[in-house]
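Fit the two chains together into the complex; they arrive one by one in their own frames, and the hints show the way.
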Amino acid sequence: VAARPSMNRNAPNAIGGGASGGGGSGGGSNNSYSKMRIKAFPMSMDERYVNQIWDQLKRAIQEIQKKNNSGLSFEELYRNAYTLVLHKYGEKLYSGTRDVVAEHMAKIKDDVLASVNNVFLATLNSLWKDHQTAMVMIRDILMYMDRVYVNQQNLPSVYNMGLTVFKEQVVRHPVVCEHLRNTLLEMVARERRGESIARSQIKDACNMLCQLGVDSLQVYEEDFEQAFLKQSRDFYRSESDDFLAENCSASLYIKKVESRMAEEMERARHYLDRSTEPKIIAVLEEELISRHMRTIVEMESSGLVSMLRADKHEDIHCMYRLLQRVPDGVKIMTDCISTYLREQGKAIVAEENREPSAYVQALLDLRDRCDCLLAQALNRDRLFKQQISSDFEYFVNLNVRSPEYLSLFIDEKLRRGSRGAAADNEIEPLLDKCMVLFRYLQEKDVFEKYYKQHLAKRLILNKSSSDDTEKSMISKLKAECGCQFTSKLEGMLKDMTVSNMLNEEFGNYLSQAGGAGAQRSIDFGLRVLTTGFWPTQTTQNKVALPDEARQAYDQFHRFYMSKHSGRQLTLQPNMGTADLSATFSGAPPSGRGAEAADEPSSTSNSLAVGARRRYILSVSTYQMVVLLQFNRRPKITFEQLQAETNIPEKDLQRALGALCMQKMASQRFLNKEPRTKEISSTDEFTVNDAFYSRHVKIKVAPSGGVKETEPERRETRIKVDEDRKYEIEAAIVRIMKARQTLSHNYLIAQVIEQLKSRFTPTPQAIKSRIEHLMDRDYIKRSDQDRHYYQYVA
Amino acid sequence: MKATKKFPCPMSTPPILKKVIAWCTYHKDDPPPVEEDEYKERRTDDIPTWDQEFLKVDQGTLFEIILAANYLDIKGLLDVSCKTVANMIKGKSPEEIRKTFNIKCDFSAEELERVRRENEWCEEK
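Taken in sequence, the protein lines are chains A and G. For the first sequence, the working numbering gives the first residue as 228, with consecutive numbering after it. For the second sequence, the working numbering gives the first residue as 304, with consecutive numbering after it.
Just chain G, with the same shape it has in the complex (with noise of 0.2 Å):
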């Protein structure tokens, strides 16, 4: 399909856009998407190569392009990238994903406690 009309788009900025376009471009032959059955086990080791490669940038651009591919409704995008997120939480302590994505912890100390104790039974022994 070639481009026909120009629009502005200020919910993103260039440099954002220019990767999500990376991608489409990339992109542009692949076939449509499968009908998503609800019922099917979600993976996140699927992750096609270049995909990963083409993710490896930090964390803010991350999230802007799952923001920008959320709102140009680019499903393909918006998965790969969501699941790139979901690894980096995978198998992590919550104290190791405050550290990742530097989350401030607003618990008090009590409450703390109190959440690990109702938790325990979760954890490996």
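The following block holds chain A by itself, in its conformation from the complex (with noise of 0.2 Å):
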């Protein structure tokens, strides 16, 4: 470089706008205080000089371009882009430069086109390399010029521009772009048929087209990514069309699937740009799942159908996996799902004649079932959960004896000595599993009316096996329902409590009365039941006990009323037991005693052919009271049982079956004339001395545990109905009392909301209750709309 521009210290001037002349204008004014040492501002050079100057600049440039850097000042090239730009030549410099990288482009261009028959991809990758790094040190040198002009310009930086001039030139060239993107793309299909490829060389041609866009990726979505998405989505699509032709299975198609979105997933990442592994499995998502959803799912004989018939729980999580990745996918399983349980669920609740036990546990097996499957293979996931739930409610209540039957179920697991009796550690769980069935049920009023009748039963039968059970179980209702529900079975327990306390005392009050009429003759407890709580059986009749059991009552009567002076005490004859002693003197039938005869005498339990022998029956009281008879005569018609007895009709049958319409004759304690199988009421009874047995005591009450026949039924419905209308009464009440008035529709959905834990009233059910209830006054219709109704206070 010639000259350099003058920055003449002394030079007395004007700090002017422009780039005004006058450098050194003459020396008159010397003003050279020695604070305001004023410096010229730049004068504007030359002509010449600005073009050498950027002769020199744009010799440096060709050089980076061509390599060769090494010899080259970077401090001078940067002075000198400064000089220019300071000395408003920015525009000259930016222009220039730009013809250069343009120049040099087009010889970059014909190097690739001749590459295009071989190694295309290489080449252009290491000349875009080339160019990146030529465009880094041209923009080093023009920094001040990208600081300043460019900012004030609003123009490209200088490394944008030579992105935009080597886009222009080379990578839109039209033979170059075409050739690239078909590069490309046949490379990647290579790959999806297993082939292997020279992964980093496309790695850097789309690095290069991400760069090339500045600041987009517009230039790599239009010349490869819109391309490659489209070829994979025929590629998948027929792919996915083949397989499912030549394959019929669900489970291997999905791990097919599977192992190709992990394939273009670690494809996307390895060597496209970021951004297209999204769109990429949005394209499998759509071409492989949901197209074929549907199919897969239904496929017959490796289906979800049969997936769930062998719990293939793995197969079905990955179903699972797979669907959930596409909107509506979950829900086809779901109704599959839905159906095939649906399907299970009715079949066990339609079969007839099935015992209670079994009915439940099914049901209860299920459950677990499809526990098992939502942990497993359904990631608990709350749609399915849901699914189930509604599933279950549906057909659990499609038999309306489900109440009564999970009653009786929790009836044998609490009951001691029952065949199904539950260990401890295992009741507890199983308890909960039954609350989960309780749940499902729509009647729960039902539930609630036999449940109590088997609770009373095993309470007064002595028969649970753990008064903690029978509090968990209530508290567990009670969790469930509210206090309503389960007041008066805690009520039931309580009795049972104060009865045994009652018993004791009663004990002590006799042997502290000591002498007279204080002697107990039998050997006796009893119970006190409070009457609101246990299920209504009160019977008013008197049954004629006999002596012993009168004198022992009438003691208890006495000592009771002297503790509760306000109260009234029934007997319940009907739901008594008692022990007899029976003594049986007959010939056992032959066959037995041949038997009898090889025993060893010594042993208790051999009795002597022949000889007397001695039992305890434990029975009801009312076959008490009819075997007692038997003490006064021995051959006694049912009539003069019905009369001397005072039982009702069907008890006494009822007890009298229990007593002498066994197969077998050593079996039978009475025996009837004639041998009929119903009981008429001219038949006579006799007591069967050919009684014979191998225990000494024998249990001939029932024992509980049975269901109910069919008219049975009817008549807890029939009560159940009842009950019903006292609680829609009650509900409609309570609702108008807040409300005052209220219309007709907005009655019927409030009481059928407030009742809907226990029961669903039809809304026939509650308007015949409002008619009736206001036939009582209790509601009337209001004055200005026929469809309103008012509260009567």
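No wet-lab data here; the hints were simulated from the structure. Treat the hints with care, as some may be off.
[As the list claims (entries may be wrong)] In silico DSS-like links for lysine-lysine, alpha-carbon gap of 27 Å or less: (1) A:Lys315 / G:Lys386; (2) A:Lys705 / A:Lys612; (3) A:Lys715 / A:Lys703; (4) G:Lys309 / A:Lys285; (5) A:Lys952 / A:Lys924; (6) G:Lys308 / A:Lys294; (7) G:Lys393 / G:Lys343; (8) A:Lys684 / A:Lys769; (9) A:Lys293 / G:Lys321; (10) A:Lys862 / A:Lys877; (11) G:Lys343 / A:Lys293; (12) A:Lys715 / A:Lys952; (13) A:Lys890 / A:Lys924; (14) A:Lys926 / A:Lys904; (15) G:Lys378 / A:Lys319; (16) A:Lys334 / A:Lys315; (17) A:Lys315 / G:Lys308; (18) A:Lys285 / A:Lys334; (19) G:Lys309 / A:Lys294; (20) A:Lys430 / A:Lys457; (21) A:Lys285 / G:Lys308; (22) G:Lys309 / G:Lys321; (23) A:Lys315 / G:Lys407.
See below:
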């Protein structure tokens, strides 16, 4: 460089706005105060000098592009560019640079075109890399221009300008553009077929396209990504169609899809731009999953239903994971599972003559299977949970006897000594599972009725295996339904505790009272039941108790009245039990006798042939009354029995039935003449002296736990409906009292809302209750509007 | 960062460069500057004390420092030195400014009067 622009220090001059001339004008006013050393504003350079500087820069740029930059001085070039811009030649510098770059691009383009049939991608990539390096260096020396001129003029920065030129001249050249796209697509297609390809080359090429968009991915998208997605879509569409045509296995297909998805994800992460990943995944989801999901779920012999049947949780889990990705995927699964489940459930509840415990157990097992499925295969997905619950609710309530059966099942588990009684540590979780089923019941009040009955039997017959378990079950019901449901049940339990205490006190009372009339002739215990709590079976009749029993009862009655004067005690003969000592003195039937003769006579259970045999019979109160009649007379007719004992006919028939209807002669306590199936009033009864049993103590009284016969069930149903009427009315009155005035429809809705936790009343039922209440002046129709009701205070 | 290479810097003089280097050394642990918000209010009263002391030099030196900072792309130094000059201008009448910077008035008397009248409305009364 020949001359430098002189920066005269001491020239006095003005700091003007523009690059006005006036350098070095005269010495006149020599304003050289020491603190005011003004620098000359850079004067304009002459044309020649400017061109010189520019030429130097131009050559330097070309050298850089030829990778010959080692001999250049960075500082000098930087300074030259600085000078040009400072002297307002920024425009010349900028456009000049652009021209030089463009010129160079033409050469690059030619090189690229030449390589089209031979190492095209490698060539393009390497030329691109060189261009990047060159542009960085060019940008560095022109940094001042970038900072000042470019910003002021709102032009693209030097580097970005270089990108744009490269894009326009090289990459977007029609031949290059198309060839690039085809090359890339073909490589992807080959890799999908299983061949291995030069991944780094694609990576570099995609990188290049991304950068060429400057601040956006537009170039990448237009030049490559769109075509890539389209090709992928076509490829996977046909691949999935072909696969399904050949293989009819849902789980195989799912595995194939999973592997393809993993492959594409890896591909996108590895050598495409990251933004492509979600797009290609979306294509796969659409082509591979959405389009075929119904097919694979419903596939014969390998679809979801067969997986469910075989409990193939792994496979179901894979299917779930896959279908989760697309909208409605999960819904197809829930629908399918729901259909299957309902079918299974219906099969369980529809089976006639199934034992209640087997029925309930089957339901519990099904529920367990569902829990397992949810946990292992479906990730406890809420949608499935809800669907399964609603399915259970649906089929559990298809059979109206479900509440009764559930109560019987629980009864069996809580009863001591029954076949199905559960071990201590198993009972709690089992009861919890029963509660799950309980929640599905829509007629919870029916369950309540049966539960009360069964509980009463357990308590009275002293059959519960554990007080704590009973309490625990009641508290579970309480937690589910509130205290109203369980207050009576709790009362029943309490009565038992109180009765035990009473018996003790009675014992003390007797021993204290000592002498007169205090002798207890028979051993007995009493249970006092509060009337409201227990299932209503009050009988008012006066059964003719044998004297011993009568005396004992009177004693207790006196004792009780002395404690609670305001109360009334009524004996309930239909609920009690008695232990009788019975002696049979006849010969047992011949077969038996032969056996007995072979037994050694020393054991306590062996009795000599023909000797009197004494047994202890555990019977109901009615049966006790009947049997004791035979102490007075050996032969009695049914009619006579009825007259003597005062037992209601049905109960008498039942009591006698248990005593005389056994098949084998040695099992009968009484003989009935004639030996018909029914008991009629003229039948005659005698003691069966041929009775024989290996045990000393024999139970005759039924121990409960039997499901109701059809007539009994109808009776219970009637009672339930009766109770419901009261409950509906109570609800109506409650609501009307609170609201005073209410429209008909709204009242109906409110009533249903309030009662739905126990049962679902029909609008007609509610309507008839409303009319009933209107008749009794609890509510009336509003005068203004017929559809409104008013509360009558 | 260690200095690795020597390079010539004919755009400035040793004393000025020394000042520049002194400033850079003092500020070497400064956090990187925040991206400048175009709409943020620009102030001149926030020059750190050390910098103020540092820039108590004659005008010539001050302007040389500005030029050097501009060339070497040292934003922090450029800012505080320009702000210093701005403070020298603030609050002065045109005549006072001319006096401070020794600017020759190149308006004729009539032009001066015209400009003053045109801008009368800005002046506080």
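To see whether the hints hold, each was checked on the structure:
Note on A:Lys315 and G:Lys386: the hinted pairing holds, with a Cα-Cα distance of about 24 Å set against a maximum of 27 Å. Simply put, A:Lys705 and A:Lys612 have alpha-carbon atoms about 24 Å apart, close enough for the 27 Å limit, and the pair holds. In summary, the hint linking A:Lys715 to A:Lys703 is supported, as the alpha carbons are separated by about 15 Å, within the 27 Å threshold. Distance check on the hinted pair: G:Lys309 and A:Lys285 sit about 25 Å apart at the alpha-carbon level, within 27 Å; holds.
The hinted pair formed by A:Lys952 and A:Lys924 fails the criterion: a straight-line CA distance of about 47 Å is larger than 27 Å. Proximity of G:Lys308 to A:Lys294 is assessed by CA-CA distance (about 21 Å); at most 27 Å being required, the pair is judged to hold. The suggested pairing of G:Lys393 with G:Lys343 holds, with an alpha-carbon distance near 20 Å, which does not exceed 27 Å. Restraint check for A:Lys684 and A:Lys769: the C-alpha separation of about 22 Å stays at or below 27 Å, so the hint holds.
Taking the CA atoms of A:Lys293 and G:Lys321, the gap is about 38 Å. The hint is violated against a cut of 27 Å. At roughly 21 Å between alpha-carbon atoms, A:Lys862 and A:Lys877 fall within 27 Å of each other, so this suggested pair holds. At most 27 Å may separate the alpha-carbon atoms for a hinted pair to count; G:Lys343 and A:Lys293 exceed this at roughly 45 Å. At most 27 Å may separate the alpha-carbon atoms for a hinted pair to count; A:Lys715 and A:Lys952 meet this at roughly 20 Å.
Of the pairs offered as hints, the one joining A:Lys890 and A:Lys924 holds, with about 20 Å between alpha carbons and a cut-off of 27 Å not exceeded. For a cut-off of 27 Å, the pair hint linking A:Lys926 to A:Lys904 stands: about 22 Å separates their Cα positions. For the proposed pair G:Lys378 and A:Lys319, the alpha carbon gap of about 26 Å is at most 27 Å, so the pair holds. Distance restraint check for A:Lys334 and A:Lys315: the Cα-Cα separation of roughly 31 Å exceeds the 27 Å cut-off, and the hinted pair is therefore not satisfied.
At roughly 31 Å between alpha-carbon atoms, A:Lys315 and G:Lys308 are farther apart than 27 Å, so this suggested pair is violated. Pair hint A:Lys285 plus A:Lys334 holds up; C-alpha atoms about 17 Å apart against a cutoff of 27 Å. The hinted pair formed by G:Lys309 and A:Lys294 meets the criterion: a straight-line CA distance of about 23 Å does not exceed 27 Å. With a CA separation close to 19 Å, the supplied pair A:Lys430 and A:Lys457 stays within the 27 Å bound.
The straight-line distance between the Cα atoms of A:Lys285 and G:Lys308 is roughly 25 Å, inside the 27 Å bound, and the hint therefore holds. A threshold of 27 Å between alpha carbons decides the hint, and for G:Lys309 with G:Lys321 the separation of about 15 Å falls inside it, so the pair holds. A C-alpha spacing of about 25 Å is found between A:Lys315 and G:Lys407, which places the hinted pair at or below 27 Å, so the restraint holds.
Checked against the numbered hints listed earlier, the structure breaks hints 5, 9, 11, 16 and 17; every other hint is satisfied.
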